[in-house]
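Each protein sequence line maps, in turn, to chains A and B. Take 0 as the starting number for the first sequence in numbering that gives the first Met the number 0 and just add one per residue. Take 0 as the starting number for the second sequence in numbering that gives the first Met the number 0 and just add one per residue.
If you're looking for bench data, these hints aren't it; they were derived computationally from the structure. Every value quoted in this text rests on a predicted model; they were computed, and no experiment measured them. Glycine is no exception: its CB is placed at the ideal position from the N, C-alpha and C atoms. Be a bit skeptical, because a hint or two may be false.
Ranges of calculated distance between the beta carbons of each label pair, as one might list FRET restraints [said to hold, decoys possible]:
(1) B:M146 <-> A:T16: 50 to 56 angstroms
(2) A:K35 <-> B:E122: 54 to 60 angstroms
(3) B:E77 <-> A:H85: 49 to 55 angstroms
(4) A:A13 <-> B:R102: 36 to 42 angstroms
(5) A:A58 <-> B:E59: 25 to 31 angstroms
(6) B:I348 <-> A:K35: 56 to 62 angstroms
(7) A:T16 <-> B:E312: 47 to 53 angstroms
(8) B:H140 <-> A:K35: 51 to 57 angstroms
(9) B:M44 <-> A:K73: 42 to 48 angstroms
(10) B:A65 <-> A:H85: 23 to 29 angstroms
(11) B:A65 <-> A:K61: 53 to 59 angstroms
(12) A:G54 <-> B:M44: 44 to 50 angstroms
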Amino acid sequence: MTLARDYAQALVNAAHTAEKESTKAEPKKLVAQLVKHLETTGRMKLLPHIVRELGRLEAQEKKLAPQVEVAHQKDAAHALAAAAKHGIHANEARVNHTLVQGWRASSKGTLLDASAKRQLVELYKKVLTH
Amino acid sequence: MESIIKRIEEEISALTPNVQEEETGIVRTAGDGIAEIDGLQNAIMTEMVLFDPSFDGSLEDAIKDADPIYGLVLNLEEDGVRAVILGDASRVYEGMRVRRLGRLLSIPVGDALVGRVVNALGEPVDGKGPIAGTKLMPIEHEAYGVMDRSPVNVPLHTGIKAIDAMIPIGRGQRELIIGDRGVGKTTIAIDTILNQKSEPEATRPICIYVAIGQKESKTAKIVASLEESGAMAYTIVVTAPASSPAAFQFLAPFAGATIGEHFMEQGKDALVIYDDLSKQAVAYRQMALLLRRPPGREAYPGDVFYLHSRLLERAAKLSKEKGGGSLTALPIIETQEGDISAYIPTNVISITDGQIFLLADLFNKGQRPAIDVGNSVSRVGSSAQTKAMKKVSGKIKLELAQFRELEAFMQFSSDLDAETKKRIDSGQRMTQVLNQSEGHPLPFEMEAAVIFAAVNGYLDSFDPSQTSSAEQRLQDFLMREAKDVLAQIKETKNIDGDVEASLRAALDKFAERVA
Ligand SMILES: Nc1ncnc2c1ncn2[C@@H]1O[C@H](COP(=O)(O)OP(=O)(O)O)[C@@H](O)[C@H]1O
Ligand SMILES: [Mg+2]
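Turn these sequences into a full structure, and let the hints guide you.
This is the structure in structure tokens:
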């Protein structure tokens, strides 16, 4: 269903531009335009598929959205500041005990990992293989 | 134990809370051994990625489940990439983090691999423990250019009379072994490995046998017989059995080439056997379908020709300046009902320096090996053939060609004149002399001496149908009473002057003895 995916992606892109330029083209209007377009081109059957693709894109965006995790709440301020220095801006830090120590942050395809977990796993592998 | 604890302590004290920035992606979907990954915008083709099971779970889980799961990027798409999962695909899940490793798919190479059985990633599968002292080499890279190569000039003896005499192979050559299933392709390859035992150790090629899409039991048998005969001392087996993921069967030949190149680059000789590339092509077709590549002829992806040409291009004889090493390739192709005009056979025939064509018909008639001499060629090997072989090969080729013509004629005519009858007897004798059973490759000096005897009439006192047993008696006789003559042929690589005189003297003695 690449056509549905393309429509969904186009819709999201348009929504993002609209948001940035704060023009009048709100989501409601965009959807109305899409439906009209699908009607005139006889592709209304695609609509449910487009909705499903939108769901997928949303999940993806969520995963790719800026986020900061810390092993302990007390490190939150430090982690948020450190991540920001590297260009990852999040509003709050989520506590993730599996990190053991330290923090990590991600946004889009970039991962900053300053957790003890990563270092311990690497260390473990190093000791095992040498 | 103490030293490990000490090392851990050292390593922990060296830990600094550094921030590592890296590019990661997220698994969108996974299935059929393929993962669609969001992100990884900068990834490149055949780059390795790591599906990181430690990202989400606890440290304890991460350590329990520490086996890395690698992936191989094979499709670059607008919003992500598609990668083949090289490992336990059931451990890859939606939403899983994928890290870039920043290197192309690499495998370990080195002397320590000799004697071992490894998978397409170079990981040991023989239960003999880890392989130490290796270094990583990318599995695909540019082949050597013309300037770095030298012409083929050293023979690679298979120990099979018919091949060494009439379809000689040189070190650095690519010679295809082609034929239907069950006509003796693998046997030729394995006998060639066994025969390297009679090469002087200093110049003995390291052999790499790549088993692609074979039954595990079959490969295990081959390994056992190589072990039994001492051939594993200079052999490495790469196996991607039929039960393994298509990606492994696709990669195994490249792993074999990479392992062989390491030896070539050290100035040594290596021989790699791809058994067989038909199955690699099928694996590639399967992967391409999952990767949604458009299918072409016989549903193979359009670049399957390029797949085989870039693999076989890596066989080479390097120039003196580059150390003079070599990588000889014996690719195997399985045909259906002898059809060499199908897509994959035609491709590989056009890429190699000749082919050994095996015929089911001949096999069924009892000819071993079942080589169709008329349709088999070696385009570069004769310049590497020893003088001893050259001397006898011309005659036997001619005799066989005449025999083939007469054989056709024989079917129509009942009474033959004496001259024709003699020719036919002689042709039958030559055919018989070239018969050779499995597992008995011969050192080239023995091959040359036996063929010399046949083409010079020393076996003529036997009935043509008795040639095989006559030949066996001759071999035994030479081993017993003409060892020094054999040694001289081996040393001078020729049969002339004094050597020829001594050989003829020995053969006269043999003729007398059996008369
Ligand atoms: N030169 C030979 N002498 C005796 N048996 C042979 C010879 N070559 C092949 N065979 C037998 O023929 C069978 C098929 O050979 P194989 O090499 O496995 O064929 P392929 O690889 O072409 O499928 C095997 O059982 C093998 O032992
Ligand atoms: Mg076989």
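Against the structure, the hints:
1. Look at M146 (chain B) against T16 (chain A): about 54 angstroms separates their beta carbons, and that is inside 50 to 56 angstroms.
2. Restraint check, K35 (chain A) to E122 (chain B): a C-beta distance of roughly 58 angstroms satisfies the suggested window 54 to 60 angstroms.
3. Judged by the Cβ atoms, the range 49 to 55 angstroms given for E77 (chain B) and H85 (chain A) is violated: they are separated by roughly 26 angstroms.
4. Distance hint check: the CB atoms of A13 (chain A) and R102 (chain B) are about 39 angstroms apart, consistent with the given range 36 to 42 angstroms.
5. Distance hint for A58 (chain A) and E59 (chain B): a CB-CB separation of about 28 angstroms, consistent with the stated range 25 to 31 angstroms.
6. With their beta carbons about 59 angstroms apart, I348 (chain B) and K35 (chain A) fall inside the hinted range of 56 to 62 angstroms.
7. Taking the beta carbon of each, T16 (chain A) and E312 (chain B) are about 49 angstroms apart, inside 47 to 53 angstroms as hinted.
8. Checked against the hint of 51 to 57 angstroms, the C-beta distance between H140 (chain B) and K35 (chain A) comes to roughly 54 angstroms, which is consistent with it.
9. For M44 (chain B) and K73 (chain A), the Cβ-Cβ distance of about 45 angstroms falls inside the hinted range of 42 to 48 angstroms, so the restraint holds.
10. With their beta carbons about 28 angstroms apart, A65 (chain B) and H85 (chain A) fall inside the hinted range of 23 to 29 angstroms.
11. Checked against the hint of 53 to 59 angstroms, the pair A65 (chain B) and K61 (chain A) fails, with Cβ atoms roughly 29 angstroms apart.
12. Distance hint check: the CB atoms of G54 (chain A) and M44 (chain B) are about 31 angstroms apart, inconsistent with the given range 44 to 50 angstroms.
Checked against the numbered hints above, the structure breaks hints 3, 11 and 12 and satisfies the rest.
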